[in-house]
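Chemist: Knowing the structure of chain A, use the given hints to seat chain B on it.
Protein chains: 2
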Amino acid sequence: MEKIAVDMDGVLADVYEQLFAMDEKDFGKRKTWDDVAGKSENETFPRIRDYLYKEGFFRTMKVINGSQPVIEKLNRAYDLYIVSGATEFPLSLSEKQTWLNEHFPFITWQQMVFCGSKQIIQADIMIDDHFKNLNFFKGRTSILFTQPHNAYEDNGRHRRVNNWQEIAEILL
Amino acid sequence: MEKIAVDMDGVLADVYEQLFAMDEKDFGKRKTWDDVAGKSENETFPRIRDYLYKEGFFRTMKVINGSQPVIEKLNRAYDLYIVSGATEFPLSLSEKQTWLNEHFPFITWQQMVFCGSKQIIQADIMIDDHFKNLNFFKGRTSILFTQPHNAYEDNGRHRRVNNWQEIAEILL
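One line per chain: the protein sequences are A and B, in this order. Position 74, counted from 1, in the first sequence is what numbering that gives the first Met the number 0 calls 73; the numbers after and before it change by one each time, with no gaps. Position 74, counted from 1, in the second sequence is what numbering that gives the first Met the number 0 calls 73; the numbers after and before it change by one each time, with no gaps.
These are computed hints drawn from the structure, not numbers from a lab. Remember, it's a predicted structure, so these values are computed and weren't measured experimentally. A couple of the hints might just be wrong.
One copy or two, either will do: identical chains are not told apart, so a pair holds if it fits within one copy or between any two.
As the list claims (entries may be wrong) - Below, computed lysine-lysine pairings styled on DSS-like, alpha-carbon distance capped at 25 Å:
hint, residue 1, residue 2
1, 61, 38
2, 38, 24
3, 53, 24
4, 30, 53
5, 72, 61
6, 137, 24
7, 2, 30
8, 2, 131
9, 38, 131
10, 53, 137
11, 2, 137
12, 2, 72
Looking at chain A on its own, in the form it has when it is part of the complex (with noise of 0.2 Å):
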């Protein structure tokens, strides 16, 4: 069975999503798309790093529309791994535990990472909104989810998917 390591933040869990609406409560204006499109996080939001280290920041995050049902079927057809950057923010370790207890309760724990850099991840299909952890991937596999992020960005080394329903076309 091949080996899938699929990424939190961006992936599963709607960062932007909650970076607007605490964005929007700080300076009154909720961001668009084209707003935050081609910027980084932290060019696009003055003060997400006090977001991030905010408790419930990680554990109130909205679920990525159409995640959970191909990660269900991923989850069976595949060694499926949850793989996310976690350690930077100590408390979104636990928080990040709990939110995929609550919205994916099929993963185990035995199928939970939690880490700094993935450059020690292995496996054959990695799902990531980063080409930081992609660029380093050496499976045969590598897709990048559409993030405003990465959205004007390419190195054509990774196959760009826009929503899950494209996942779900490429690996089911």
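Modeler: Frame of chain A; chain B shown alone:
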């Protein structure tokens, strides 16, 4: 630079010392190495599940003798990661990170991995006290760190070490 994956429990953190102390408190007599060698931790300590779920268990472990100076040197010579099974015990996630920050302050968040199964880990060298982790490892060198539970077992596939001085001799 070669990648090295170092386990925490039973390699950096002295699990048996913690279990001996808690078991003695419950049953009035401190077990010896001979009482526990060759048996799994579950066989040895009747209340181990309670201990592992107890707040503070992972936070207050003693550091295994000799590990700090050798890890500090390995950290300069290798691309070093601490890879620890943690997701089975949700409290352990933040306790383990805090413990690492206290006792190995030169280890950055980028180098920490908290997981369930280690089958997704890819490195050149792995140091661990459990066959269940080492047997799946595909790197060049797997090192079995002696602990009572593995003391009389040998499948001929891993290099056994009894202390950190022996690791230094092999790897530095």
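Chemist: Each hint: holds or not?
Modeler: Verification of the hints:
| no. | hint | result |
| --- | --- | --- |
| 1 | 61 x 38 | within (22 Å within a copy, 45 Å between copies) |
| 2 | 38 x 24 | within (21 Å within a copy, 57 Å between copies) |
| 3 | 53 x 24 | within (14 Å within a copy, 39 Å between copies) |
| 4 | 30 x 53 | within (20 Å within a copy, 45 Å between copies) |
| 5 | 72 x 61 | within (20 Å within a copy, 43 Å between copies) |
| 6 | 137 x 24 | neither (41 Å within a copy, 49 Å between copies) |
| 7 | 2 x 30 | neither (37 Å within a copy, 42 Å between copies) |
| 8 | 2 x 131 | both (20 Å within a copy, 18 Å between copies) |
| 9 | 38 x 131 | within (15 Å within a copy, 44 Å between copies) |
| 10 | 53 x 137 | neither (34 Å within a copy, 39 Å between copies) |
| 11 | 2 x 137 | both (12 Å within a copy, 15 Å between copies) |
| 12 | 2 x 72 | within (14 Å within a copy, 33 Å between copies) |
When the structure is compared with the earlier hints, violations turn up for hints 6, 7 and 10 and for no others.
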